[in-house]
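Asks: These are the residues of each chain, in order.
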Amino acid sequence: MSPRHKSIETKHMQERAQFFSALKSLDRRSFLKVSAAAFGAAAASGLVTPHAFQPVKVYAQGAGGKQEPFSFAYISDSHLYKRTLNDRFINALMRAVDDVNAMDPQPDFVFYGGDLAQLGQPEELELGAQILKNLKAPLRVMVGEHDWYYDMGEKWRALFGEPTYSFDHKGVHFVVLNSVVEKDFWTARGLSAMDRMKTVAGLDNGVQSPFSVGAEQRTWLENDLKGKPATTPLVVFSHSPLYKLYRNWNFWTDDAEEVQAILRRFRQVCVFHGHTHQMLTNRIGNIHFQGFLSTAWPWPYAPQGLPELTVQMARPDPFNPNDGCGDGAITVHPDGLADIVHNLWNRNPVTILRTYTASNGKKDKPEAPLRRSY
Amino acid sequence: MDEQLKQITALIPATAGKSAPAGVSSEYWKALVPADNIANDARIELGRKLYFETRLSKDGTVACATCHDVSRGFTDRRNTSEGISDQIGQRNAPTTLNAAFFTSQFWDGRAGNLEDQAILPIVNPIEMGQPDGNAVVASIASDAEYQKAFQAAYGRAVNYADIGRAIAAFERTLVFLDAPFDRFARGDANAISADARAGWALFNGKARCTGCHQLSSNNPIGTDSRFHNVGVSARHQNFEELAKQGLIALKKDSSKEALDKLALQTNLSELGRFVVTQNRADIGAFKTSQLRNVGITAPYMHDGSMATLWDVMDHYNKGGEPNPYLDGGIEPLALNETEVAQLVAFMFTLTDVRLDAQNKSELERQRAIAAQRRPFRDDNAANRKVLPFELRATAQR
Amino acid sequence: MGNTSMMRRLGLIGIGVLASCAHSAAPAPGTPGAADPNAAAGGSADSTEVLLCDGQTKVSVAAGTPGTAVAGALMTEWLRKNPNSNWEAEERERHTLQPAADNSALIGQVQGQTYGQVTAQDVALWKAETERVATAGSEVFHNADQLGSTIGVSCDMCHPHAANTHPETYPKYQNQLGRVALLRDMINWCIQHPVRGKAMESEDPKLRALEAYILAQRKGKVLEYGKH
Chain A
1 MSPRHKSIET KHMQERAQFF SALKSLDRRS FLKVSAAAFG AAAASGLVTP
51 HAFQPVKVYA QGAGGKQEPF SFAYISDSHL YKRTLNDRFI NALMRAVDDV
101 NAMDPQPDFV FYGGDLAQLG QPEELELGAQ ILKNLKAPLR VMVGEHDWYY
151 DMGEKWRALF GEPTYSFDHK GVHFVVLNSV VEKDFWTARG LSAMDRMKTV
201 AGLDNGVQSP FSVGAEQRTW LENDLKGKPA TTPLVVFSHS PLYKLYRNWN
251 FWTDDAEEVQ AILRRFRQVC VFHGHTHQML TNRIGNIHFQ GFLSTAWPWP
301 YAPQGLPELT VQMARPDPFN PNDGCGDGAI TVHPDGLADI VHNLWNRNPV
351 TILRTYTASN GKKDKPEAPL RRSY
Chain B
1 MDEQLKQITA LIPATAGKSA PAGVSSEYWK ALVPADNIAN DARIELGRKL
51 YFETRLSKDG TVACATCHDV SRGFTDRRNT SEGISDQIGQ RNAPTTLNAA
101 FFTSQFWDGR AGNLEDQAIL PIVNPIEMGQ PDGNAVVASI ASDAEYQKAF
151 QAAYGRAVNY ADIGRAIAAF ERTLVFLDAP FDRFARGDAN AISADARAGW
201 ALFNGKARCT GCHQLSSNNP IGTDSRFHNV GVSARHQNFE ELAKQGLIAL
251 KKDSSKEALD KLALQTNLSE LGRFVVTQNR ADIGAFKTSQ LRNVGITAPY
301 MHDGSMATLW DVMDHYNKGG EPNPYLDGGI EPLALNETEV AQLVAFMFTL
351 TDVRLDAQNK SELERQRAIA AQRRPFRDDN AANRKVLPFE LRATAQR
Chain C
1 MGNTSMMRRL GLIGIGVLAS CAHSAAPAPG TPGAADPNAA AGGSADSTEV
51 LLCDGQTKVS VAAGTPGTAV AGALMTEWLR KNPNSNWEAE ERERHTLQPA
101 ADNSALIGQV QGQTYGQVTA QDVALWKAET ERVATAGSEV FHNADQLGST
151 IGVSCDMCHP HAANTHPETY PKYQNQLGRV ALLRDMINWC IQHPVRGKAM
201 ESEDPKLRAL EAYILAQRKG KVLEYGKH
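Chains as they are written, first to last, in the numbering used here: chain A, 1 to 374; chain B, 1 to 397; chain C, 1 to 228.
What the hints contain is simulated information worked out from the structure, not anything from laboratory work. Just so you know, nobody snuck in bad clues.
Dumping the calculated DSBU-like pairs for lysine-lysine here, alpha-carbon to alpha-carbon at most 35 Å:
no., chain 1, residue 1, chain 2, residue 2
1, A, K244, A, K170
2, C, K219, B, K206
3, C, K198, B, K385
4, B, K252, A, K362
5, C, K172, A, K365
The following block holds chain A by itself, in its conformation from the complex:
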């Protein structure tokens, strides 16, 4: 007895079953060749849980040493209020912590992408620090504008240290910038600290200044990178994207070109940023940019300036406050390029392979969302 009509699910599953049994019969060399695409397809269609790469086992977690890929997790843009005001954002950050703690194998470290607090309040920052303490893996943090403009970084420094720093891990040089420096718009207007914070907190608030890295930090960056060979694997973190996407929402860094110029001599650079609360992919010359998801809420895509390489995520459903949000993991390869897996809550995870930006979009394009958008 054969079914009268094959459902879409049946066809789907038959295709997958054929694909995977075909995989098994490949020899090792062709298996490795196909595996990158398979990994991407498998992950994007939900067969691969983030960081548990099965059935395609290609990127085993390296035991250490310079020549093996390694992974770190990311959590970003939690925008916490104090608990008595808003439980939803706190619960979302806890969900992200739970996700990362459940990763098997554990990532080498967890990177926090900025905007831990919503209005820069000391209690919000402390609450965030406390929640992040539950992470099993070591934590590295970056500052966002919501963390900074209430007290100009006083509480942040007390909790987390200097916002601008660098470190080395398994042969890769990591740089963390404060890319949300704004020219003083508050003194002339006589704004209070809270007014200043609320102004910056409004994405579409036109009173604030555009973000920048600033001359001081650019000098620091030059010094930090001095003497490093051009082949050094280099990863830069910034809160705002280090390019000019959309000025009206400060998806923007005013001195982006100057910063990019400092990075230009390297063979390739990965830049990871938060602030945009959406999946964003871009490549400018030797720099490969990827955006982090937020745990708190998704932003819509800007009406103009969207990078060509970006595959948009599905339009989030407002009934599900977690839709369009999540956390993720990044695998850095010995050549310095990285894959990123976005663990979108209630949707299939999306993997963006390094070959996608490396080929300028010709290979391994991430699949468009599977689920119907609302």
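Dock chains B and C against the given chain A, drawing on the hints supplied.
Replies: Same frame as chain A, now just chains B and C:
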């Protein structure tokens, strides 16, 4: 079966099933009925016979009506259903009432319509136990009355696919949408109690029900026909482990029958829609059930783990059961006891007036149980004093 | 801040604050613009307490003070207590509005007016009034407290500049409500759920202003029925 047959003849009007029910646009109804199975008296009559036909099962003891019993809200009032040889499955039997309005059948949507659904339990080893379609056909093909009936209905000899069609045609007559709520919706404010009216307001507001349980004039049953993980199965096992197991098992055999078996027999059943689509987003997701006649179709959820509607409300009120795949639309609701009671009162007004006697006795029965125990109630969680993911996040240090 | 301030905004208060008092909560005033000698019975023998028709602003004046000085004193006092009187310009500075259509071509035309021709003042009035309501909506849109949010969430958190609101697609079957909705139904739904506040009544000036702002931000978009 005879008793059920008597009851059903009394309940269904002669015009049922052949055209769109009152209030539903004929265009929309057409989208719900396959073109090769337009209803007529012959098909409906045949389907009714088959629905109550125990000969279709391997040992002649089980018919559709065994688990979808007319006198029990067209379900069986069991947590999970029992098939031939006293075997017990993993899923709660959904009601046949108004089932025509779903855009897929089964808790995991593995059947596209009523026709596809009807024939699967017959060949499931623990439900009706037949080895395959041929055996099913053989069980009634020699009966001259059936031969005549099939010819009259479909102009063909007895065959397996037509068994499904006929049953589906009969099931489409089971439209029970004349409830006190409908009279209230048409303008009679006193058709339902003040509590129920308050419950209706909560349903559309604070309790966030309409996100999944959608009630509109053309889709009056209270479902979006989609799949959501509300955390019911997360109570029982480790999801991530199950998901990995599921992938391996399905690679071996992904036909409809294998899925059916898996769904009912193994613990992979708890993965729900994932077993059908293999989408990670569907892990532990089950179809939004309908709310029509919900008062008389206890127990609730895909595994029948909730005995009363109070239990259902407690589950949602506390924000479901946290797990990595929990639908983000499930949040703690901070409903107080009065509001919970009002929502329950509202839900009991959704039962068709023809089934009022069952509704009343069920209300009393459930109320008595709820008065004694409320196993899912958690006021701390409901009022957001402890957050859904808090214990998980802080326990893993 | 309830409807009172919104009414004040959209009522007739401008720089000419004494021209009229436009909110219902005030006790019945005397003649607008004049100090009401029958109001508060305060003050000493030599001075009178003068109460503005808003029922709140009061000033003590010595007997014999000329009326213009009384009016000026009341004005100063009112401005001191209402630093927000410049709300419109401030809100426009924070959040831009989509530019209005330029109707200057209509000036001198007969069409558009039952009586007489369209004047430059007409054109200016249409723009000023509409933008005022839209700006009032922008203020509510960007303010969690004015929306009544219990969790500090405002509309602009998901809809900067009212992006992604698609008001031109209504009426439509709205999945989250399970039925056909109009724009204000969806605004109210968003207030109840993502914003976790209380739904507003249909005639609430805040709701109407929100609608005006959202619609004003989407001028010139092509209708894509059913896509959203």
